[in-house]
Amino acid sequence: MDASAYLPSANVQFEGNSGLLTLVYQGAVSRQELDVGLEQIRLAVDDSPVNAIILDVRNSVPVYSSADLVECVEQMLDEITPKRCAFVSGQARAQTVNLIETVSFPYAVRVQAFSTVDAARDWVSAAL
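Sequential numbering of the sequence shown, starting at 16, is according to the numbering used here.
Rather than coming from a laboratory, the hints here were simulated on the basis of the structure. A couple of the hints might just be wrong.
[As the list claims (entries may be wrong)] The calculated SDA-like cross-link candidates involving lysine to any residue, where the alpha carbons are at most 20 Å apart (straight line), are:
| hint | residue 1 | residue 2 |
| --- | --- | --- |
| 1 | Lys-98 | Val-132 |
| 2 | Lys-98 | Asn-32 |
| 3 | Lys-98 | Arg-46 |
| 4 | Lys-98 | Gly-42 |
| 5 | Lys-98 | Val-51 |
| 6 | Lys-98 | Pro-77 |
| 7 | Lys-98 | Asn-66 |
| 8 | Lys-98 | Ser-45 |
| 9 | Lys-98 | Gln-41 |
| 10 | Lys-98 | Gln-47 |
| 11 | Lys-98 | Ala-134 |
| 12 | Lys-98 | Val-78 |
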């Protein structure tokens with residue numbers, strides 16, 4: 016089998032000193048990949064405070080349902096409640112951003128869409 020089949024679709028980086036969590040998805044993202052990303056977040060954060068999240072989906076294609084996304088975002092926010100969440104996408108994904116905003120509202124998490132990671136990092140830096 017092709018070695019690339021074993022590469023994770025979710026890459027998580029956590030900067031503990033600032034509390035910045037970066038999650039990058041690549042390829043087709045199914046409910047299984049959402050769950051893998053959530054588990055990687057748990058391992059990376061290890062009960063440390065998370066002040067902001069950058070969610071980079073520029074090189075991914077969603078193949079999960081809206082219900083899957085809602086459930087995953089709720090699970091994540093039940094465990095970590097950042098002040099800001101930057102959604103980075105090179106494509107128009109207004110429905111996804113609106114869904115994340117709606118789920119995040121009760122947690123008082125500000126959500127904003129960006130086309131570049133640099134712009135997202137500038138925006139979340141206010142929460143760091």
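Distance restraint between Lys-98 and Pro-77, which requires alpha-carbon spacing of 20 Å or less: violated, 25 Å
Under the criterion that the straight-line Cα-Cα distance not exceed 20 Å, is the pair Lys-98, Gln-41 satisfied? violated, 25 Å
For a C-alpha distance cap of 20 Å, please report whether Lys-98 and Val-51 respect it. violated, 23 Å
Given the hinted pair Lys-98 and Val-78, is their alpha-carbon gap at most 20 Å? Violated: Lys-98 and Val-78 sit about 28 Å apart, past 20 Å.
Is Lys-98 close enough to Asn-32, meaning Cα to Cα at most 20 Å? With a Cα-Cα distance of about 16 Å, the restraint between Lys-98 and Asn-32 holds, given a limit of 20 Å.
Pair hint outcome, Lys-98 versus Asn-66 [Cα-Cα no greater than 20 Å]: The hint holds at about 6 Å.
Verify the proposed pairing of Lys-98 with Val-132, using a straight-line Cα cut of 20 Å. holds, 17 Å
Are the Cα atoms of Lys-98 and Gly-42 separated by 20 Å or less? violated, 28 Å
Given the proposed pairing of Lys-98 with Ala-134, does the C-alpha separation stay at or below 20 Å? holds, 17 Å
Lys-98 and Ser-45 were given as a pair; does the straight-line alpha-carbon distance stay at or below 20 Å? Violated, because 26 Å separates the two Cα atoms, which is more than 20 Å.
Pair hint outcome, Lys-98 versus Arg-46 [Cα-Cα no greater than 20 Å]: violated, 25 Å
Below or equal to 20 Å on CA atoms is what counts here, so check Lys-98 against Gln-47. violated, 26 Å
Hint compliance for this structure: hints 3, 4, 5, 6, 8, 9, 10, 12 are not met, and every other hint is.
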